[in-house]
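Enquirer: Got chain A sorted already, so can you dock chain B with the ligands onto it with the hints?
Sequences listed follow chains A and B, in order. In this text, residue positions in the first sequence follow my numbering: the first is 1, and each later residue adds one. In this text, residue positions in the second sequence follow my numbering: the first is 1001, and each later residue adds one.
Any given hint might turn out to be false.
What the hints assert, rightly or not - No more than 25 Å apart at the CA atoms, straight line, and that leaves these computed lysine to any residue pairs for SDA-like:
(1) B:Lys1065 with A:Asn310
(2) B:Lys1221 with A:Arg396
(3) B:Lys1065 with A:Leu389
(4) A:Lys126 with A:Tyr141
(5) A:Lys126 with A:Ser94
(6) B:Lys1218 with A:Asn310
(7) B:Lys1221 with A:Ser94
Worth flagging that the hints you see were computed from the coordinates, not collected in a lab.
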Amino acid sequence: MIPDYFRLVLNQLRRRTLRASLTVLGIIIGIAAIIALLSISQGLKSSIEEQFQTFGVDRIIVSPKASQTSAPGTGATTLTTDDITTVEKVPDVSYAAAFLLEILRVEYSRQKISTYVTGLPFDLHKQLIKDYGLKFSEGNYLSSLSSREVIVGHRIATDTFDKSLHINNQLLINDVPFRVVGILESIGNPEDDSVIWISMDNLQEITGNKKSVSMIDVKLNKGSDPIQAAEKIKRRLQQAREDDESFDVLTADQLLSQFNLVLGIVQAVLIGIAFISLVVGAVGITTSMYAAVTERIAEIGIMKAIGATNNQVMSVFLLEAGLLGVFGGVVGVLLGFLAGKGVETIAHQAGFTILTVSLSPGTAIGGVAFAALVALSSGLVPAYQASRLNPVDAMRFG
Amino acid sequence: MRKPIIRLENVWKTYSLGEAKVNALQGLDLEIFPGEFVAVQGPSGSGKSTAVNMIGSLDYPSRGKVYLNGRDITSFSESDLAQLRGQTIGFVFQSFNLLPTLSAIDNVALPMMFQGVSRQKQLSTAREILVRVGLGHRLDNRPGQLSGGEQQRVAIARAMANNPEMILADEPTGNLDSSTGKAIIELLKEVNKEKKTIVMVTHDVKLSREADRTIYLKDGKAVKRL
Ligand SMILES: Nc1ncnc2c1ncn2[C@@H]1O[C@H](COP(=O)(O)OP(=O)(O)OP(=O)(O)O)[C@@H](O)[C@H]1O
Ligand SMILES: [Mg+2]
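Just chain A, same shape as in the assembly (with noise of 0.2 Å):
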């Protein structure tokens, strides 16, 4: 019973592909951009987390408030290296690692850009980058405290100067000679791709400047509660700085939730876009379904002289918006996930190899009953017409 439905509409649905098609055709539209989105964003998530998690979740940083300040390195910072001690006394601090970026002119075989350049303790870094989970593609850690050495990340060796840099060259910053020491191993976003690190030290002596810090870095003692952990440092700042609030104390998992917030509601509003375009999708399938219905007023009228009760005549153009919905969900699914694959290989040239747009059955098979939920319910309307028609008049039609 149902196949033969099923035989019958496919065969009217193949011998009128061209309005057929053009059904579908907003209803793929919207599916794919929905698809795409989602992807992306499920990808972007799942890369960002992993990040995260490579990061720890022992981890909290302190930075001056957002709204207070703009990039780092402008001067508008407010944490200074007193702060750092404060921090360190925290009991359940294993350590505190300052950060202090600068935009610096840096130059290589005569080519010279304006980069962030960041200085970091020579005390902490091995640890830090033990810690970070990153590795040395060539070259080792800096040597000691004052020797002109620079780590440079993936990017900065590869992609940022015409001539590719290697351990032992040399890079000027602020007209100063360095000896690059060590190349990271790309991480797979350009920004952490693209540091030039130095020691502390080393950063203050050339651009003078002896107290700020940009950032602290805390790694929390094994077994200590991130939040109660943040809570104390934040007291202690706020006590150390007479009442002053002007930071951020965050750990990982807020860090995280930040970044998801932000996620949300660009996902959000993509998503909302989406779904506009499947609303003009709907509208499109339930133009052209009444199109069917009327070019097909004379059939209905002989399918019910024939026998066939208003159910059945109404099944067969449900059907046929269903099928078209499945059809268009499917064909929707595959050219978001491409779509998607697109941005993805974008997302690689310009150095986002830690993209990696993912779609989970989960989300592809509700996008294709997303699909067929809304061509049926758009159909229906000309589906239930078409099966009132009395079959003397509607045989009179064409």
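Expert: Structure of chain B with the ligands alone, referenced to chain A:
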């Protein structure tokens, strides 16, 4: 006395076109008995098609009663009527009215599909009937690939699909040349020999002579003579 398959009792059918009302049928009485071959004649607009629609329970009368095998169909729901119609009555129309996207065999299978017959049985029955009407070599052709006479044969095959008691044909030869038309009438007569009641509207006096009797319609009523 034999019981009629169909009895129309003082049937009126009024169409309203805006303000104006047209009485297509005005108190039509008639009976059709099992196994009969009845011709229906009358001038254009006399209500022949409307009468056939009533006989075939395709439409409800505005007034009066229609009995199908003794049961008043005016009290039936549309869907019940469709089921009943599908089982007991087959239609043949002037303009063939086949579904253009379906092959001959699928067109003949369709009425069986709406009765829930299995696909296997649909195909074997459809093939058998199409062979009988002389279209064994045209099973997979669509209507557009068939001549008018062949299309009308497919339509007759479709009308016989559910082994109905009665076949209603409204000017089945109207779109065909006279020799093709004659062959169609011969086919209907053969079907009639299998104890199927046939009601056929025709303008052609010669063709109506092939019937057992003729019902004459004028102004929506049955009359003795035209
Ligand atoms: N759906 C309708 N709406 C309005 N008027 C109708 C309708 N169907 C039939 N009529 C009118 O009812 C009358 C009878 O029509 P019917 O089709 O039964 O005539 P007929 O005898 O079959 O004519 P013909 O020989 O031309 O086919 C005509 O005047 C026709 O215009
Ligand atoms: Mg007529």
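Enquirer: None of the hints should be skipped; say for each whether it holds.
Expert: Now for the hints, and whether the structure bears them out:
1. B:Lys1065 with A:Asn310: Roughly 23 Å separates the two Cα atoms, so the pair holds.
2. B:Lys1221 with A:Arg396: holds (23 Å)
3. B:Lys1065 with A:Leu389: With Cα atoms ~22 Å apart, Lys1065 of chain B and Leu389 of chain A stay inside 25 Å; holds.
4. A:Lys126 with A:Tyr141: Judged against 25 Å, a Cα distance of about 7 Å means the pair holds.
5. A:Lys126 with A:Ser94: holds (15 Å)
6. B:Lys1218 with A:Asn310: violated (34 Å)
7. B:Lys1221 with A:Ser94: violated (107 Å)
In this structure, the hints that do not hold are numbers 6, 7, in rising order.
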